[in-house]
Each structure stands twice: as C-alpha cells, then as structure tokens.
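Build the complex from these two chains, which are given one at a time in their own frames, with help from the hints.
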Amino acid sequence: MTEQSVTTVVQAATQVQEQAAEELPNLITLLEHLFPKSHLIHFLFSWENLIFSFLVLGFISFRSISAARKNDFIPKGLQNRWELVMEGLAEFVTSILGPRGLEHVPFLGTMFLYILLQNWLGLIPLMKSPTGTWSTTIAMALITTVYIQWVGIKEHGFVNYLRHLAGNPVGILGLALVPLMFIINLSIEFFAVPLSLSLRLFANVSSEDKLLYKFAELNVMAYKANFLFVFASFFFQLFANILVILFSFIQAFVFLLLSTVYISLILPHDHEEESQNNAAIH
Amino acid sequence: MESNVALGFALPIGLAITAFGSALGLGKAVAAAMDATGRQPEASQKILVNMMAGCALIEALTLYVLIFGFVLMGKI
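Protein chains in written order, with numbering that gives the first Met the number 0: chain A, 0 to 281; chain B, 0 to 75.
Looking at chain B on its own, in the form it has when it is part of the complex (with noise of 0.2 Å):
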C-alpha cells in the first residue's frame, strides 16, 4: 500500500475513533453534572463551571488529533 493511500484511509478513521472516546467522556461527564444539579439546583451554577472545564479538557483530545490530522493532509 503506499503512502498516501494509507494516510488516506488512517486520518478519517483515526479521527473517529478519537472522536467516540471524547463522546463517550463527554456523555460520562455530563451526566453526571446532570445528576448533581438535579440533587442541588441552588449549586448549578458552580456544578456548570467546574463541568465546562473538564469538557473542555476531553475535548482538547479531539482536537489535537485533527490538528495532527490537517499536518498529515499536506503529506497525501
């Protein structure tokens, strides 16, 4: 197989499979920041910060992948 062809088929499907474990630690996340506001309505506006900062760190996995991914591009 050469080069191109590979990262052809290997960028997308790289991309996805980082992009389900986000989803997966996204939806563990908010779930439970979900539950907790339900327990505690008065502390959903701390429970909304704190969760925006984790998503926001599981989130950055995808997106060095893609930036990985756009590097690599120049290369097929």
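Okay, chain A solo, but in the shape it has when bound (with noise of 0.2 Å):
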C-alpha cells in the first residue's frame, strides 16, 4: 500500500467521525471516547441506534403490558392514560377511514407512538433518538409499504389488486396503456411512498439533532467568550428545545396521517359500489 492511499484512508475516515461528530455525545459515543480500543463498546457503538431503538420497544412493552394487566373497568392510574391514548388514535383513524378502520389501528398506533418516542429520546441527555439515521426509518417505511399492500390484496382479491395496478383499464386503448399505467403504479407505491416517507421523518430528526448540537457549541463558545452571554444562548437553547418537541411530535403524526391516507386510497370506495348498484336498479 502506498503512502498516498494510506492518508487518502485515513482522511475519509476522519470525514465520518466528523460527520457522526455532529450530534450531541450519547452515552455509547462517551463509552467509546474513554475506552478506544475496547471491542465490546466498538460492537456497542456500531449497533447503536438498534440499541436505542430497542430502549423505546421495551419501553412501550414494558408500560403497555403492565397497563393492560389490571383489567379495571373503571381504569385509574397507568390504564387511564392508556386508554386516553388509545382512544384518541382509534377515533383519528377511523375519522379517515370510516368504522372500519378500526383493524388497522393495533399497526398505526403503534407505528406513532414507537416513532414519537424515538424522536423524543433524543432530548434526554446521553440519549440519542434513533430515526436520526436513514437505516431506522427506510425500515418502518419498508415495512408500512408491504402493510399498505398488504391490506389491497386482502380487500381486492388478488386478481383485482392486479387490475387495481392496471389502472382499471377499460376498452383496447386502455389495454394498450396497461404496460405503461403498470410501470407508474408500481414504480409510485413501491419507490416513492417508502423514500419519501423515509426521507421526510429521516431529514427532519436529523436536522433537530444537528440543530440542538448547534446551540449546545453555541452555548460553550458563549461561556468561553465572556460569561454574560451565556443567558442570551441558554435562551436560544431553551427555543431550539421546544421547537423540537413540536416538530418531533408533528413528524410523528405526519407518518400516521400519510400512513392512513394511503391505506384509505387502496381501500374499495364504497360510494362507487353504491353507484354501480344504483346504475344496475334503474
């Protein structure tokens, strides 16, 4: 290997851990700064955001299932604010998909309150919020993708799924254009709902983090300048956090309103059912 190829190595890798620098320091970055050559914290830090996702899972079971195991039926404590929750997302996706959108809140739910809760671990100091990073969301999106398509083939039957994709063609001009409306279709519900829900929640999370990190070295270079200013930066700060809980909270709904809007478009429109029963009565 020559001398040049070595510092070539050497500058991209020191690219990366700038790159990954430009967050605050979680407890398993700080593990891996005082102990550099450990390999257990190395096997730790290249498995990080699964760790911290998997934080919020036992979380969310952990709460949930010990919620649900005092079956009350006048609920106080933990099972109250359960079925607050509960209750509120069951009546905002049956909103948009009418009384039978009821079997599709167990995954929309859940889905909101892994990904909240995700976005707003990242405001605990030594916490990182794993939908920082594109891996973790192009799952979710991933697996909301499959769900969505999931649920047209149960609805539709698999021939009239086909024909959905199709673009329902009708006479010889649209069966000439079933190649064409089948590469569009495909192409819109398997390439661009998964990217653009993963980029969204993705670019948002991450541009919070690196928001926060902003002010926090605002923050320090204030106290070394002069210490009055500090209370002028610690203000900024204060702003940035309560933006960031919003807009955390924004994206996470955001998801489960996209997500709803989709499965409601590849639902069967019952007004059209209406419609043709009306049309074959007359």
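By construction, these hints were calculated from the structure, which means they are not laboratory data.
Cβ coordinates follow ideal geometry from the N, Cα and C atoms, glycine included.
A few chain A residues that face chain B, going by a derived Cβ cut-off under 10 Å, partial list only:
{"no.": "1", "residue": "91"}
{"no.": "2", "residue": "95"}
{"no.": "3", "residue": "133"}
{"no.": "4", "residue": "195"}
{"no.": "5", "residue": "198"}
{"no.": "6", "residue": "199"}
{"no.": "7", "residue": "201"}
{"no.": "8", "residue": "202"}
{"no.": "9", "residue": "203"}
{"no.": "10", "residue": "205"}
{"no.": "11", "residue": "209"}
{"no.": "12", "residue": "252"}
{"no.": "13", "residue": "253"}
{"no.": "14", "residue": "257"}
{"no.": "15", "residue": "260"}
A few chain A residues that don't get close to chain B, going by computed Cβ distances all over 12 Å:
{"no.": "16", "residue": "40"}
{"no.": "17", "residue": "54"}
{"no.": "18", "residue": "67"}
{"no.": "19", "residue": "119"}
{"no.": "20", "residue": "122"}
{"no.": "21", "residue": "160"}
{"no.": "22", "residue": "165"}
{"no.": "23", "residue": "184"}
{"no.": "24", "residue": "215"}
What follows is the structure, given as structure tokens:
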C-alpha cells in the first residue's frame, strides 16, 4: 500500500468521524471516547441505533403490558392514560378510514407511538434519537409499504389487485396503456411511497439533532468568550428544545396521517359500488 | 473556479431558492386553510388535518435539498 492511499483512507475515516460528531454525545459515544480500544464498546457503537430503538421498544412493551394486566372496568392511573392515548388514535384513524378502519388501529398506533418516543429520546441527555439515521426510517417505511399492499390484496383479492395496479383498464385504449400504467403504479407504490415517508422523517429528525448540537456549541463558545453571553445563548437553546418537542410530534403525526391516507387510497371505495348498484337497479 | 469553491457558493444559494419556493407554497396552503376555517369554523379540525398533510408534502421538498446539501458538504 502506498503512502498516498493510506492518507486518503485516514482522511475518509476522519470525515466519517466528524459527520458522526454533528450530534450531541450519547452514552455509547462517550464510552467509545473513553475506552477507544475496547472491542465490546466498539461493537455497541456500531449497533447504537438498534440499541436505542430496542430501549424504546422495551419501554413501550413494558408500560403497555403492565397497564393491560389490570383490566378494571373503571380504569385509573396507568391504564387510564393508555386508554386515553388509544382512544384518541382510534378516533383519528376511524375519522379517515370509516368505522371499518378500526382493524388498522393496532399497526398504525404502534408505529405512531414508536416514532414519537424515538424522536423524543434525543432530548434526554446521554440518549440519541434512532430516527435520525436513514436505516431506521427506511425499515419502518418499508414495513408500512408492505402492510399497505397486503391490505390491498386482502380487500380486493389478487386478480382485482392486479387490475388496480394496471389502472382498471377499459376498452382497447386501456389495454394498450396497461404496461405504462403498471410501471407507473409499481414505481409510485413500491419506490416513491417508502422513499418519501422515510426521507421526510430522517431529514427532519437529523436536522433537529444538528440544531440542538449547534446551539449547545454556541453555549460553550459564549461561555468561553464572556460569562454574560450565556444567558442569551441559553434562551436560544430553550427555544430550540421547544421547537424540537413540537416538530417531533408533528413528524410522528404526519407519518401516521400519510400511512392512513395511503391505506384509505387502496381500500375499495364504497360510494362507487353504491352508484353501480343504483345503475343496475335503474 | 475550483469545485469546492463552486459547491460552497451553490449549496446555500440552492437551499435558499428551495426554501423560497417552499415558503410560497406553504403560504398559499395556509392562507386557503385559514379562509376555509373562517367560512366554516365547525370544520376547523378536518381542515387542519388536511392542511398538515399538504404542508408536510410541500416541506419535504426543502428537506430533500437539505439532505443533498449535507451529502455534498462532505466534498468541500
């Protein structure tokens, strides 16, 4: 290996390190910084997003199981809070999908709570929001896409689902356009939907993390320059925190809203069937 | 002009142009939603939800540019 290639590799590695340092330090990066030679901590460092998302998963499962264990008719405490959340989610989903949308509430509500808690985890010191990386969000978006298509196949039947993908062809012109419609629909439903869902969430959360990091850096710089500047920069930090709380909630809500809308688009339309029935009667 | 100088000028200007277009779109969407709420205050909940969906779709375009900006920033 020549000397030049070694220096380019080192430069690339340091750039990766610098990009990783664009966020506030969390528990695992601190440990990595303290013990740079430990293999166990390096292993944890390479799986840090998974570790933090499993933390959120464990929290949701533990709290919901312990709330569901006490099945009182008149709920109080933890059960009361969970029922409030679940009823709000069910009301929202059924307001878009109609009363039959109740069967999609478990999936969509779990997605919403999971994303919301993952987004808010970055606000706790020594924690990191796993949704700030693309690998987490693309996984969730792909699961949502598969669920949407599965609902489509289950509701229409496989042949009608293929006809829906081909754009419901009518007549010779419709049949001639089938390949085109097939390509368009496939690329929208299997490529554009997961990409837009995941990139929106990832870009929002990662830029929130960068914002928090930059304001924390500003605090440190102000402290070094003059002690009095800290008051100004502290209020900037407070403002950024409130903004992050608000936008994390909005992004989780938008994910829920868009996946609900995609499901409502693929469900069979009741009013069309009614008008067809009316036409058959007349 | 060297490539990193060109990128250094192009990235902020490109992001600013996208933010400008996105702001125009968001302004139109929110203004229409406010008009609708003023005309029919009892439907404000539904209008708010629809407006949020549209706003998220418009806003996403700016964020795509932001991602490309961060990706290209590694090349400066």
